[in-house]
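Undergrad: For chain W, the structure is supplied; the task is to place chains E and H on it using the hints.
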Amino acid sequence: MEKDRREFLKIGGISVLGLSALPVFQALAQEKGPRYKPDPKALKGAQWAMIVDMKKCWEQQDKRQCRDCILACHKIHNVPDIPDQKREIKWIWLEEYKHAFPDQAHEYAPEKVKENPFMLLCNHCSNPPCVRVCPTKATFKRKPDGIVMMDFHRCIGCRYCMAGCPYGARSFNWGDPRPYLKPEDINMTYPTRRKGVVEKCTFCYERIDEGLQPACVEACKVKALIFGDITNPNSEVRKILSGHYSLRRKIELGTGPNVYYLI
Amino acid sequence: MLEKALKGGQKYWSLLLGLAILSGIGFACFMLQLNQGLRITGMSRDVSWGFYIAQFTFLVGVAASAVMVVLPYYLHHVKEFGRITILGEFLAVSAVTMCLLFIVVDLGQPMRLLNVLLHPTPNSILFWDMVVLNGYLFLNAVIGWTVLSAERKEMPPPKWVKPLIYVSIPWAVSIHTVTAFLYAGLPGRHFWLTAIMAARFLASAFASGPSLLILLSFLIRKRTNFDPGTAAIEKLSKIVTYAMITSVFFLLLEVFTAFYSKIPGHMHGFIYQFAGYEGHAELVPFMWLSVILSVTALILLIPPQFRNNEKLLKIACITVFFGLYLEKGVGLVVTGFIPNVFDKVTPYIPTVPELAITLGVWATGFLIMAILYKVAIGVKEEIRA
Amino acid sequence: MYDAKKIVPGILIFVVLFTFPLWSNMGKAAPAPKPELPKTEKVCVMDTAYMKTEHMVLLNQWRDLVVRDANRLWVGPDGKEHFMSLQNSCMKCHSSKVKFCDQCHNYAGVKPYCWQCHIEPKENM
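Protein chains in written order, with the working numbering: chain W, 1 to 263; chain E, 1001 to 1385; chain H, 2001 to 2125.
Excised from the complex, chain W in its bound form (with noise of 0.2 Å):
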């Protein structure tokens, strides 16, 4: 008696066990063949950066207050618009030398240097401690491209990434963003996010997996923004560096930022 009813348990178990499995095993059971792939124009490259071309840009900012990038990706990307400065959200955005630059600033710097403002971004670094803190994988490093990314569905809104974080890249949606953003410029073929988790740019993955240039980029009409491989010598980019100094932000801190600076 004893022995049967431990039996009966024990067959019980496992049949339950079989039938909760049930529906994996069908799914495995459909899944002949990789059903799914890169899309073959996507752009290839082993770590993108960018140069910012500040006298181009000083330029259109002059002669027309020029702000073609970021209304570009601020657009595409459905980025709201918060009045509020301790709430905004930022992917691209203007800031003074001595604020960009604060560990190298100086006051005999050229007018021109300290005037006008320098176009900040993610420096999508190749050594990044917001992944390193991130406690999720919600931000990671893209192993083939070396993108930052922001994996949205993941983020718990530790806000972790935005004290490792040294640039400032980071925004945290302290409330829902929808409101922010005008109905009638929504992008409808990118989402927004909702509140409590963070954003920042993701050198547009969306565009470069499709084979587009970064939104930014096609928006400027001087070609201040030059995006491409820095690992390969032969790219715009690289070719652009060895021919001219440029600057990056707070390399003594050791986060190797791809966003390079000609003055």
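Please keep in mind that the hints were generated in silico from the structure rather than gathered at the bench.
Where hints are given, some of them may not hold.
For lysine to aspartate or glutamate, the following EDC-like pairs were computed, each having C-alpha atoms within a straight-line distance of at most 16 Å [claimed, not checked]: (1) W:Lys44 x H:Glu2123; (2) E:Lys1374 x E:Glu1282; (3) W:Lys112 x W:Glu95; (4) W:Lys98 x E:Glu1382; (5) W:Lys98 x E:Glu1278; (6) H:Lys2092 x H:Glu2041; (7) E:Lys1262 x W:Asp103; (8) E:Lys1344 x W:Asp81; (9) W:Lys143 x H:Asp2069; (10) H:Lys2052 x H:Asp2102; (11) W:Lys41 x H:Glu2081; (12) H:Lys2080 x W:Asp39; (13) W:Lys137 x H:Asp2069; (14) W:Lys143 x H:Asp2064; (15) W:Lys114 x W:Glu59; (16) E:Lys1344 x W:Asp209; (17) W:Lys41 x W:Asp185; (18) W:Lys37 x H:Glu2123; (19) E:Lys1238 x E:Glu1381; (20) W:Lys141 x H:Glu2041; (21) W:Lys141 x H:Asp2069; (22) E:Lys1007 x E:Glu1382; (23) W:Lys250 x E:Asp1343; (24) E:Lys1344 x E:Glu1282; (25) E:Lys1344 x W:Glu96; (26) W:Lys37 x W:Glu210; (27) H:Lys2099 x H:Asp2064; (28) W:Lys239 x W:Glu252; (29) E:Lys1162 x E:Glu1151; (30) W:Lys86 x W:Asp176; (31) E:Lys1344 x E:Asp1046; (32) W:Lys182 x W:Asp81; (33) W:Lys37 x H:Glu2081; (34) W:Lys112 x W:Glu88; (35) W:Lys112 x W:Asp39; (36) W:Lys137 x H:Asp2064; (37) H:Lys2122 x W:Asp185.
TA: Coordinates of chains E and H only, in the frame set by chain W:
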């Protein structure tokens, strides 16, 4: 044993009711925060961690301090602490609970909390903090409860508890070390980027935790039939004294490095705290109050004749606790963000709902502590009777 | 039995409360959901039976494939390639969230949080 918590006088029940009301108000405000997002707090793009994380940091210290009674008792057979190890362990349980609650209320997406387990990330210090804090909570709850049950039956505690007790000693050190690493490993936050952060945290923990324990012991002696013992309090006061000296010494080491090296990033945090920076001086009164309290504490603690005077010791413990609270629970976290990475100042002032949630978490912790202490004291009184 | 006067009514109250959903909905069967299928396409990215029960698993898999592993294309059961995107593929065929997604989700009482970020197509009603 829990039935001991159900039998109490009117004062006990009104204490529980008061704490429950405070935590209820905090919970209501947390509901508001869940609905509205963290914009109901005073935090911003630039000061992205505020009061919640600061409380968490301070309370990790209080939790870690249980080791200051457990270690002497179990490793050095300091008999005087036998009566109060349970108080240390239950204090740790309630403090760690508060720590975990403060992390939860700080999250932007608390529903996704379990992502930390679903996608374990060993390179993140926050992942390790989750591991050590939960482990420490488990250890203290199990050890405290088991030892107390055995004591009630007037039997020696079961053998399997011993190894857990030995593990809990280095574990206590680990919770505060890992919490210090949260800050001390970030490039570009000069105020936090210091190798003695963990040592500073431990020193201040071993002063603030035991001073709270002394105050609680006095309270218990006055209100119940259980006497934690003058000898234990005396020993604890010595621990507080040395830890407080070390804590102040470590802080002065930071001040020296910052101001002798004259590296701007290292000085700016201290300048903001004590003199104000670029026209912002929100923390100045609090930080000077912290200095005054700490100096008073040292004056009252160092001479044995002051320290052994119970009235003065009480004042000393209050000054230690609040002095360190202001340093860690108010100053340390916020100053790491001021000035920000652009060398600009965005001040931070917590909002009313933020303070209500904070108070609610403290009330919840003290509610747990009141119940656990009631059980422990009930058992002690029962044995004596 | 001790305190039978308290226990028996207590149990009764508990049973009544516990079964509340059952008897309050008695005889009022909700109509079965009728999600509207697209008229232009016959085959989805997986067969219908799988999509009915496992579409949420597939969407989770897609989001990792796209966001984390840089994949873009999905091969359907008929060999046709689909762009992996909720907003730009799924909702191109199933062009009404109200007539498709909400039908079953409302019936089952689930509220997927997809739409807190992903933008639903404009409804032509």
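Undergrad: Please go over all the hints and tell whether each is borne out by the structure.
TA: Structure-based check of each hint:
no. : hint                  : verdict
1   : W:Lys44 x H:Glu2123   : violated (38 Å)
2   : E:Lys1374 x E:Glu1282 : violated (40 Å)
3   : W:Lys112 x W:Glu95    : holds (14 Å)
4   : W:Lys98 x E:Glu1382   : violated (69 Å)
5   : W:Lys98 x E:Glu1278   : holds (14 Å)
6   : H:Lys2092 x H:Glu2041 : holds (11 Å)
7   : E:Lys1262 x W:Asp103  : holds (14 Å)
8   : E:Lys1344 x W:Asp81   : violated (21 Å)
9   : W:Lys143 x H:Asp2069  : holds (9 Å)
10  : H:Lys2052 x H:Asp2102 : holds (13 Å)
11  : W:Lys41 x H:Glu2081   : holds (14 Å)
12  : H:Lys2080 x W:Asp39   : holds (14 Å)
13  : W:Lys137 x H:Asp2069  : holds (13 Å)
14  : W:Lys143 x H:Asp2064  : holds (14 Å)
15  : W:Lys114 x W:Glu59    : holds (15 Å)
16  : E:Lys1344 x W:Asp209  : violated (37 Å)
17  : W:Lys41 x W:Asp185    : violated (28 Å)
18  : W:Lys37 x H:Glu2123   : violated (32 Å)
19  : E:Lys1238 x E:Glu1381 : violated (27 Å)
20  : W:Lys141 x H:Glu2041  : violated (38 Å)
21  : W:Lys141 x H:Asp2069  : holds (11 Å)
22  : E:Lys1007 x E:Glu1382 : holds (13 Å)
23  : W:Lys250 x E:Asp1343  : holds (12 Å)
24  : E:Lys1344 x E:Glu1282 : holds (15 Å)
25  : E:Lys1344 x W:Glu96   : holds (11 Å)
26  : W:Lys37 x W:Glu210    : holds (12 Å)
27  : H:Lys2099 x H:Asp2064 : violated (27 Å)
28  : W:Lys239 x W:Glu252   : violated (24 Å)
29  : E:Lys1162 x E:Glu1151 : holds (15 Å)
30  : W:Lys86 x W:Asp176    : holds (15 Å)
31  : E:Lys1344 x E:Asp1046 : holds (9 Å)
32  : W:Lys182 x W:Asp81    : holds (9 Å)
33  : W:Lys37 x H:Glu2081   : holds (10 Å)
34  : W:Lys112 x W:Glu88    : violated (27 Å)
35  : W:Lys112 x W:Asp39    : violated (44 Å)
36  : W:Lys137 x H:Asp2064  : holds (12 Å)
37  : H:Lys2122 x W:Asp185  : holds (14 Å)
Going down the numbered hints, you'll see the structure goes against 1, 2, 4, 8, 16, 17, 18, 19, 20, 27, 28, 34, 35, while the others check out.
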